[in-house]
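**Q** Protein sequence lines, in the order shown, are assigned to chains A and B. Letter by letter, the first sequence follows residues 1 to 461 in our numbering. Letter by letter, the second sequence follows residues 1 to 461 in our numbering.
Simulated from the structure, these hints should not be mistaken for lab results. Glycine included, C-beta positions come from ideal geometry on N, C-alpha and C. Any given hint could be a false lead.
What follows is a list of derived Cβ distance ranges for each label pair [stated by the list, open to error]:
{"hint": "1", "chain 1": "A", "residue 1": "Arg43", "chain 2": "B", "residue 2": "Val150", "range": "30 to 38 angstroms"}
{"hint": "2", "chain 1": "B", "residue 1": "Asp46", "chain 2": "A", "residue 2": "Ala353", "range": "52 to 60 angstroms"}
{"hint": "3", "chain 1": "A", "residue 1": "Gly91", "chain 2": "B", "residue 2": "Asp413", "range": "26 to 34 angstroms"}
{"hint": "4", "chain 1": "A", "residue 1": "Glu136", "chain 2": "B", "residue 2": "Arg363", "range": "37 to 45 angstroms"}
Some chain B residues flagged as far from chain A (calculated, every beta-carbon gap over 12 angstroms) [to be verified]:
{"hint": "5", "residue": "Phe80"}
{"hint": "6", "residue": "Arg88"}
{"hint": "7", "residue": "Pro147"}
Protein chains: 2
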Amino acid sequence: MLDAVVVGAGLSGLVAARRLRAAGQTVRVLEAADTAGGRMRRRRLDCGVTVDLGGQWGGDTHTRFEALVNALDLERFRSFYDGEGLFRWRGEARQARLGADFDDTLLFFEPGDLPLSAGERAEARAVEQRFRQLVEQVDPDEPWRSPDAVALDTITASAWLQGLGASAAAQLPLQWLGRVGGSGGFELHQVSMLHLAWTQAVAPQREAPEGWLLRGGAGQVAERLAADLGPDLHTGCPVVAIAQDDGGAEVTTDDGHRHRCRSVVVAMPPNQRQRLRFDPPLPPDQIALHQRWPMGAMVKVLAVYERAFWRDDGGNGLTLGERAWLELTADSSPPEAEPGVLAGFIAADRALAFGTMNPAEQRACLLAELESLWGPRAGRPIELIWHDWGSEPWTGGAFTAFPLPGTWTTLGDAWRRPHGRVVWAGTEVARRWPGYFEGAIRAGEAAAEAVLVRQGRSMRR
Amino acid sequence: MLDAVVVGAGLSGLVAARRLRAAGQTVRVLEAADTAGGRMRRRRLDCGVTVDLGGQWGGDTHTRFEALVNALDLERFRSFYDGEGLFRWRGEARQARLGADFDDTLLFFEPGDLPLSAGERAEARAVEQRFRQLVEQVDPDEPWRSPDAVALDTITASAWLQGLGASAAAQLPLQWLGRVGGSGGFELHQVSMLHLAWTQAVAPQREAPEGWLLRGGAGQVAERLAADLGPDLHTGCPVVAIAQDDGGAEVTTDDGHRHRCRSVVVAMPPNQRQRLRFDPPLPPDQIALHQRWPMGAMVKVLAVYERAFWRDDGGNGLTLGERAWLELTADSSPPEAEPGVLAGFIAADRALAFGTMNPAEQRACLLAELESLWGPRAGRPIELIWHDWGSEPWTGGAFTAFPLPGTWTTLGDAWRRPHGRVVWAGTEVARRWPGYFEGAIRAGEAAAEAVLVRQGRSMRR
Numbered sequence: 001m002l003d004a005v006v007v008g009a010g011l012s013g014l015v016a017a018r019r020l021r022a023a024g025q026t027v028r029v030l031e032a033a034d035t036a037g038g039r040m041r042r043r044r045l046d047c048g049v050t051v052d053l054g055g056q057w058g059g060d061t062h063t064r065f066e067a068l069v070n071a072l073d074l075e076r077f078r079s080f081y082d083g084e085g086l087f088r089w090r091g092e093a094r095q096a097r098l099g100a101d102f103d104d105t106l107l108f109f110e111p112g113d114l115p116l117s118a119g120e121r122a123e124a125r126a127v128e129q130r131f132r133q134l135v136e137q138v139d140p141d142e143p144w145r146s147p148d149a150v151a152l153d154t155i156t157a158s159a160w161l162q163g164l165g166a167s168a169a170a171q172l173p174l175q176w177l178g179r180v181g182g183s184g185g186f187e188l189h190q191v192s193m194l195h196l197a198w199t200q201a202v203a204p205q206r207e208a209p210e211g212w213l214l215r216g217g218a219g220q221v222a223e224r225l226a227a228d229l230g231p232d233l234h235t236g237c238p239v240v241a242i243a244q245d246d247g248g249a250e251v252t253t254d255d256g257h258r259h260r261c262r263s264v265v266v267a268m269p270p271n272q273r274q275r276l277r278f279d280p281p282l283p284p285d286q287i288a289l290h291q292r293w294p295m296g297a298m299v300k301v302l303a304v305y306e307r308a309f310w311r312d313d314g315g316n317g318l319t320l321g322e323r324a325w326l327e328l329t330a331d332s333s334p335p336e337a338e339p340g341v342l343a344g345f346i347a348a349d350r351a352l353a354f355g356t357m358n359p360a361e362q363r364a365c366l367l368a369e370l371e372s373l374w375g376p377r378a379g380r381p382i383e384l385i386w387h388d389w390g391s392e393p394w395t396g397g398a399f400t401a402f403p404l405p406g407t408w409t410t411l412g413d414a415w416r417r418p419h420g421r422v423v424w425a426g427t428e429v430a431r432r433w434p435g436y437f438e439g440a441i442r443a444g445e446a447a448a449e450a451v452l453v454r455q456g457r458s459m460r461r
Numbered sequence: 001m002l003d004a005v006v007v008g009a010g011l012s013g014l015v016a017a018r019r020l021r022a023a024g025q026t027v028r029v030l031e032a033a034d035t036a037g038g039r040m041r042r043r044r045l046d047c048g049v050t051v052d053l054g055g056q057w058g059g060d061t062h063t064r065f066e067a068l069v070n071a072l073d074l075e076r077f078r079s080f081y082d083g084e085g086l087f088r089w090r091g092e093a094r095q096a097r098l099g100a101d102f103d104d105t106l107l108f109f110e111p112g113d114l115p116l117s118a119g120e121r122a123e124a125r126a127v128e129q130r131f132r133q134l135v136e137q138v139d140p141d142e143p144w145r146s147p148d149a150v151a152l153d154t155i156t157a158s159a160w161l162q163g164l165g166a167s168a169a170a171q172l173p174l175q176w177l178g179r180v181g182g183s184g185g186f187e188l189h190q191v192s193m194l195h196l197a198w199t200q201a202v203a204p205q206r207e208a209p210e211g212w213l214l215r216g217g218a219g220q221v222a223e224r225l226a227a228d229l230g231p232d233l234h235t236g237c238p239v240v241a242i243a244q245d246d247g248g249a250e251v252t253t254d255d256g257h258r259h260r261c262r263s264v265v266v267a268m269p270p271n272q273r274q275r276l277r278f279d280p281p282l283p284p285d286q287i288a289l290h291q292r293w294p295m296g297a298m299v300k301v302l303a304v305y306e307r308a309f310w311r312d313d314g315g316n317g318l319t320l321g322e323r324a325w326l327e328l329t330a331d332s333s334p335p336e337a338e339p340g341v342l343a344g345f346i347a348a349d350r351a352l353a354f355g356t357m358n359p360a361e362q363r364a365c366l367l368a369e370l371e372s373l374w375g376p377r378a379g380r381p382i383e384l385i386w387h388d389w390g391s392e393p394w395t396g397g398a399f400t401a402f403p404l405p406g407t408w409t410t411l412g413d414a415w416r417r418p419h420g421r422v423v424w425a426g427t428e429v430a431r432r433w434p435g436y437f438e439g440a441i442r443a444g445e446a447a448a449e450a451v452l453v454r455q456g457r458s459m460r461r
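With the rest of the complex left out, here is chain A (with noise of 0.2 angstroms):
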């Protein structure tokens, strides 16, 4: 019999198999995809530049992944910052600086550079102010223990909004966090204020979350873990059950194998749990939480280009405001600035759109909207790819979960506790940096934690 079998070989189950194997347990990693990885995956294009199709950043305060590329020992260097972005803004791009300090900005931005009145600059900023104050107040640990918590969570973050009277200009910055923050992928008459609050506690913008790269691509660490764990990581391989009774836990997989083991990390995001048939079934909390914690919508798009260019005219490839498709687009080149690589992002709602169309029409769209930001230089990419985490079966979508309207308030008490011998990981799991890889390490190591927790207790008896 086996110490702990963990379903699903995403950043979090690898990190938690990791951890265990260190604690000298047998371990066994059952991953549906045929490779490993999650969201956490690179490519090697026909260009031979190689790219993450998923997350790509660590953040400043990420102290468990850059202690993890540290001991992979993977280079990292600062995402390119210097110069200036572009603000588009009632069909106007603008160029603007960057702020030097977070709580001074508007979208990274300094305010006054933006196409905005001195009112509409004022106003944007109260309601941010009103914004951080909830924020502050926020349980990071059980949101639903919150001040208000029931009123926030029955009101959705735009009806909170359209409360304020706010302006298009103050609605940006929330709907930018909620589409393309990293706890985000959704539109905000989709969350509760309650919930879009919680993801500014737990995983807070002004930590500077997108500060660092690693070069040859974040994919490689969990390509490394997955090598650690030669044969005992078993890739193609669905689970489709889990029982478990006093004496341990069957882990079937579809091809009617059963794994035998002590306890159980499941490590795969909300949607995909219910695949999975429990023996003794999931309580009703868990049943209904499941169902009502979708992944975001995220399209990542990357265009590789001979070098960096816009740098040579003061630019720093960020684009934020209002636009078709593209939510964001960063600088993602390495520092040598050859190739230059801009990475795109289509969240939530045009997301959704967008993968309904045709890949000419998706191409002809994304080359329109690049030239129209960066100039004909952008339209001409050596190379352009896009990766909708929506076509995902073994994912169902990026940046992360969401919970409707009232879930916290509800089901908060299900989010985190145990099945008996099962124990959930994934980055939605996280009290710190929820959509993250920071979360799916942190959720990972305190999922092995309470394993090794438990089977301590039951040597002990």
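Here the structure of chain A is known, so what remains is to put chain B in place on it, guided by the hints.
**A** Same frame as chain A, now just chain B:
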């Protein structure tokens, strides 16, 4: 090779199979649970009385359900509504007459009988009038094409009511439709106004959908249909994968058995479809839709007495209004009033909270509430049972599924679209009476027709 495999032996799947067999097709029905019926299930209690754990009623315009009941030679009788019901408001339970004309009532009652001021009644009627105007404007077949569809789909029903400044009394009828209307099981902050209006456009409460009952229980319908299938129905047989190519489809069950066929009818609630591995995979819009379409929450309560004693005092067993748990009670006794059966419903958030209590607490809550409504005799039933549909892993809730705000207008096109050889059934894809038995039958018949048309086309080639 079979002509068709039907996945799911709830009413919709059973009807689809029956229709296909009647057309001369070879059909196999695969059901995950140990018994057929889905949300149409009766149970013989210890005291010998048979009750429906799930749906029980047919309605006055449920023509397909009526035809099926007649074909099976089952006996219908009118649900008992004579006499006065109870309306609880501000801590007071007031006996009140039911209105003769639905359009002239407030939650079925004569408005003048309710403990509301004339001003409150007028305001509640005005709000209801605004709601009816929306209902009339909704496109029942394609709600995303209704006037103002995006605006109505991105505001929750609760925010819409707050925008009108609706009083608690004026909010109650719409809250009731959401929680315990036949397309419900949700709170108004969980759905868009477009969705709430759509439910009443396609499944109108004014057509009296709780009109008649079946002697011996509605569950008999599913039992008879299942029995007719004989060995073509496989229970305890969860499907894990559906693959298809030009030659046909292959449906794999969790014992590794592969069922070859020309067409597949997936007759499962939307959340359950997430268990299936499709090859080729579903498109992104259907992957997203299935995540954004959870089941409502519902606990059905059944209290059995020697006789329907409330009728002796001119009561009809109907309760609505404010209460701790039971959203609705209704007389579900046979015509001779012996035994007396009260059916009760705990809906939406209250159902989730109820599901976290232990059985002794649950029983105490129910007995206290029954007694507070219908007197001391109501607190001493011969037998009291309750069934939490949220505890059923193969269903996930009741009565039916509801879409997140914004889902109709972004993913509506994915709602009923077949995936190659796979067509969808289940009451959730009905164009008329979704959430009801009638919708399940119509969706099952429509799926069978789609299979026949598809196969007719391929034969002519």
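**Q** For each hint, tell me whether it holds in the structure or not.
**A** Each hint tested on the structure:
1. Between Arg43 (chain A) and Val150 (chain B) the Cβ separation comes to about 36 angstroms, which falls inside the hinted range of 30 to 38 angstroms.
2. Range check, Asp46 (chain B) to Ala353 (chain A): Cβ separation about 55 angstroms, and the 52 to 60 angstroms hint holds.
3. Between Gly91 (chain A) and Asp413 (chain B) the C-beta distance comes to about 29 angstroms, which sits within the given range of 26 to 34 angstroms.
4. At roughly 43 angstroms, the beta carbons of Glu136 (chain A) and Arg363 (chain B) sit within the given window of 37 to 45 angstroms.
5. For Phe80 (chain B), the non-interface assignment is confirmed: its Cβ lies about 31 angstroms from the closest Cβ of chain A, beyond the 12 angstroms cut-off.
6. Arg88 (chain B), annotated as away from the interface, keeps every beta carbon of chain A farther than 12 angstroms; the closest lies near 22 angstroms.
7. Consistency note on Pro147 (chain B): stated as away from chain A, and its beta-carbon is indeed over 12 angstroms from all of that chain's, at 19 angstroms minimum.
Violated hints: none; the structure is consistent with every hint.
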